[in-house]
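Protein sequence lines correspond, in order, to chains A and B. Numbering follows my numbering, with no gaps: position 55 of the first sequence is 74. Numbering follows my numbering, with no gaps: position 92 of the second sequence is 116.
Think of the hints as simulated: they come from the structure by calculation, not from any bench. Built from N, CA and C at the ideal position, the CB exists for glycine as well. There could be a bad hint or two in this list.
[Claimed, not checked] The calculated label-pair distances, taken between Cβ atoms and stated as ranges, are:
#, chain 1, residue 1, chain 2, residue 2, range
1, A, G118, B, A92, 23 to 31 Å
2, B, W184, A, K116, 45 to 53 Å
3, A, K100, B, G99, 16 to 24 Å
4, B, A209, A, G118, 50 to 58 Å
5, A, T136, B, R238, 26 to 34 Å
6, A, D88, B, L201, 22 to 30 Å
7, A, R26, B, G268, 33 to 41 Å
8, B, W184, A, S108, 22 to 30 Å
9, B, A107, A, V90, 23 to 31 Å
10, A, G118, B, W184, 24 to 32 Å
11, B, T133, A, V134, 21 to 29 Å
12, B, V195, A, K100, 30 to 38 Å
13, A, A47, B, V104, 21 to 29 Å
14, B, I174, A, I37, 29 to 37 Å
[To be verified] The following residues of chain B were derived to be distant from chain A, with all beta-carbon distances above 12 Å:
#, residue
15, L82
16, G130
17, R177
18, S210
19, P234
20, A288
What follows is the residue order along each chain.
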Amino acid sequence: MKAKHQRLVLALVALASIIGAGLLAASALKDEAAYFYAPADVKAKGVEPGRAIRLGGMVVKGSLKRAADGVTIRFNVTDGKARVPATFSGIAPDLFKEGSGVVAEGAFDDKGTFVATNLLAKHDERYMPRELEGMQYNETTHEMKVTP
Amino acid sequence: MSPPCHKKAGSAAPTQRFPTCAIGKKPYWRSPPGAATHAALMHRFANPARFLKIARPLTQWLFWPGLALILIGAGCGLLVTPADYLQGQTVRILYIHVPAAWLGMGGWTGIALAALVQLVWRHPLAAIAGRAIAAPGALFTAICLATGSIWGRPTWGTWWEWDGRMTSMLVLLFLYLGYIALAQASARDGQGGVSHVTAIFGLVGAVNIPIINRSVVWWNSLHQGPSITMRGSTIETTLLWPLGLTLLGFSLWFGAIVLMRMRAILAQNKVEARMQRLARG
Chain A
20 MKAKHQRLVL
30 ALVALASIIG
40 AGLLAASALK
50 DEAAYFYAPA
60 DVKAKGVEPG
70 RAIRLGGMVV
80 KGSLKRAADG
90 VTIRFNVTDG
100 KARVPATFSG
110 IAPDLFKEGS
120 GVVAEGAFDD
130 KGTFVATNLL
140 AKHDERYMPR
150 ELEGMQYNET
160 THEMKVTP
Chain B
25 MSPPCHKKAG
35 SAAPTQRFPT
45 CAIGKKPYWR
55 SPPGAATHAA
65 LMHRFANPAR
75 FLKIARPLTQ
85 WLFWPGLALI
95 LIGAGCGLLV
105 TPADYLQGQT
115 VRILYIHVPA
125 AWLGMGGWTG
135 IALAALVQLV
145 WRHPLAAIAG
155 RAIAAPGALF
165 TAICLATGSI
175 WGRPTWGTWW
185 EWDGRMTSML
195 VLLFLYLGYI
205 ALAQASARDG
215 QGGVSHVTAI
225 FGLVGAVNIP
235 IINRSVVWWN
245 SLHQGPSITM
255 RGSTIETTLL
265 WPLGLTLLGF
275 SLWFGAIVLM
285 RMRAILAQNK
295 VEARMQRLAR
305 G
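Construct the entire structure; sequences and hints are all you get.
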């Protein structure tokens, strides 16, 4: 085996083992590196009241209610598997609305309601012009259909 | 660890145009007899004169079409395409942000490939390519982070969050800065390339590239998932086409910048070799 080939094998083995180590570390971080808890994670793991976390999911359509004081909003967050009630007092970002993604920072109270201290709107991977709003988007075929 | 090749001090013939760097007794760009064809092809371009003959016109061919594509793409992205249904006008930052992210990551992939060629085949141009890629790669990574931050404020309601995608991209910027620092520290060997340690660092840092790419898939993140995948694009065609122009344009431009920097490093080598010859009398 020539020195050149030895170096090639050594470099490739080193690269493969480093990438393997990186992937192992990344998969071990899976839960720790998550930016937020989804409602199903909360239900499965049981986050204790008062612990500061981030809760992320979709705002359930028709669940957004404004309280009488004008600044407090109540809404439900879902990930399709579970749903969690949440409240927030303050100015929500422009993109915060029903049916779109949200990441809320805060903690659960004793009754299991998530009291958010900060709201972030989560944007999804869809980009389209205004004229196409209201069209049906099929996630598996990536096709747009006009809904009557 | 020994340097890739040793300069033959004092023995350079007066007609020699480039610093001599020999493997055994032969100039380094001569492939050994009986070498495989791919190696022969690769070592053809180890001769700086042969490389420059191609690099000079290629720089022009990458620079001007690249600039034209960037201007057309960015202009159409600003003026022609419609606003997004949700984000409104801020969607237009996409036409800069995505090419910047692509080149930040592509730049490090280039550094890793150059490092592999340098470490395995001891190719002197690969060491120079690594140094040439580092600064534009770092610049595009910084542009990606800055435009993302500007977009995040109106869209998410925050300038910065420590989510997987943003953190791993920031790590990439720090990797670039570390690489540049190491390359600067090893600049005194006179060959214009980066040292072995720098090349190894470039190779190891490549671990971060798949992590950046997969960060939005593996972990819950604030950053949205990939829009353009093997299955198609979730960016509507009327918004997508200028992105193709700016992606190609910035990529060509990146190539032109790297070639220019490689030529500058080779020219610097030539100057230093001449100064040394003069100093020796």
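Against the structure, the hints come out as follows:
1. A/G118 and B/A92 have their C-beta atoms about 42 Å apart, which leaves the hinted 23 to 31 Å range violated.
2. Checked against the hint of 45 to 53 Å, the C-beta distance between B/W184 and A/K116 comes to roughly 23 Å, which is inconsistent with it.
3. Between A/K100 and B/G99 the beta carbon distance is about 46 Å. The supplied range of 16 to 24 Å is therefore violated.
4. The hinted window of 50 to 58 Å between B/A209 and A/G118 holds, with their beta carbons roughly 54 Å apart.
5. Between A/T136 and B/R238 the C-beta distance comes to about 31 Å, which sits within the given range of 26 to 34 Å.
6. At roughly 49 Å, the beta carbons of A/D88 and B/L201 sit outside the given window of 22 to 30 Å.
7. Roughly 39 Å separates the CB atoms of A/R26 and B/G268, a value that falls within the hinted 33 to 41 Å.
8. For the pair B/W184 and A/S108, the beta carbons lie near 24 Å from each other, so the given range of 22 to 30 Å is met.
9. Between B/A107 and A/V90, the C-beta spacing of about 29 Å keeps the proposed range 23 to 31 Å intact.
10. Under the hint 24 to 32 Å, the C-beta atoms of A/G118 and B/W184, about 27 Å apart, fit the expected range.
11. Separated by about 45 Å at the C-beta atoms, B/T133 and A/V134 break the suggested range of 21 to 29 Å.
12. Distance hint check: the CB atoms of B/V195 and A/K100 are about 32 Å apart, consistent with the given range 30 to 38 Å.
13. Checking the proposed 21 to 29 Å range against A/A47 and B/V104 shows it is violated: the Cβ atoms sit about 47 Å from each other.
14. At roughly 34 Å, the beta carbons of B/I174 and A/I37 sit within the given window of 29 to 37 Å.
15. For B/L82, the shortest C-beta to C-beta distance to chain A comes to about 28 Å, beyond the 12 Å cut-off, and the non-interface label holds.
16. No beta-carbon of chain A is positioned within 12 Å of the beta-carbon of B/G130; the least distance is around 18 Å.
17. Some Cβ of chain A comes within 12 Å of the Cβ of B/R177; the nearest lies about 9 Å off, and the non-interface call is violated.
18. Separation of B/S210 from chain A is adequate, the least Cβ-Cβ distance of about 19 Å exceeding the 12 Å criterion.
19. Its beta-carbon lying about 7 Å from the closest one in chain A, B/P234 breaks the requirement of being farther than 12 Å from that chain.
20. For B/A288, the requirement that its beta carbon stay farther than 12 Å from each beta carbon of chain A is met, with the minimum near 28 Å.
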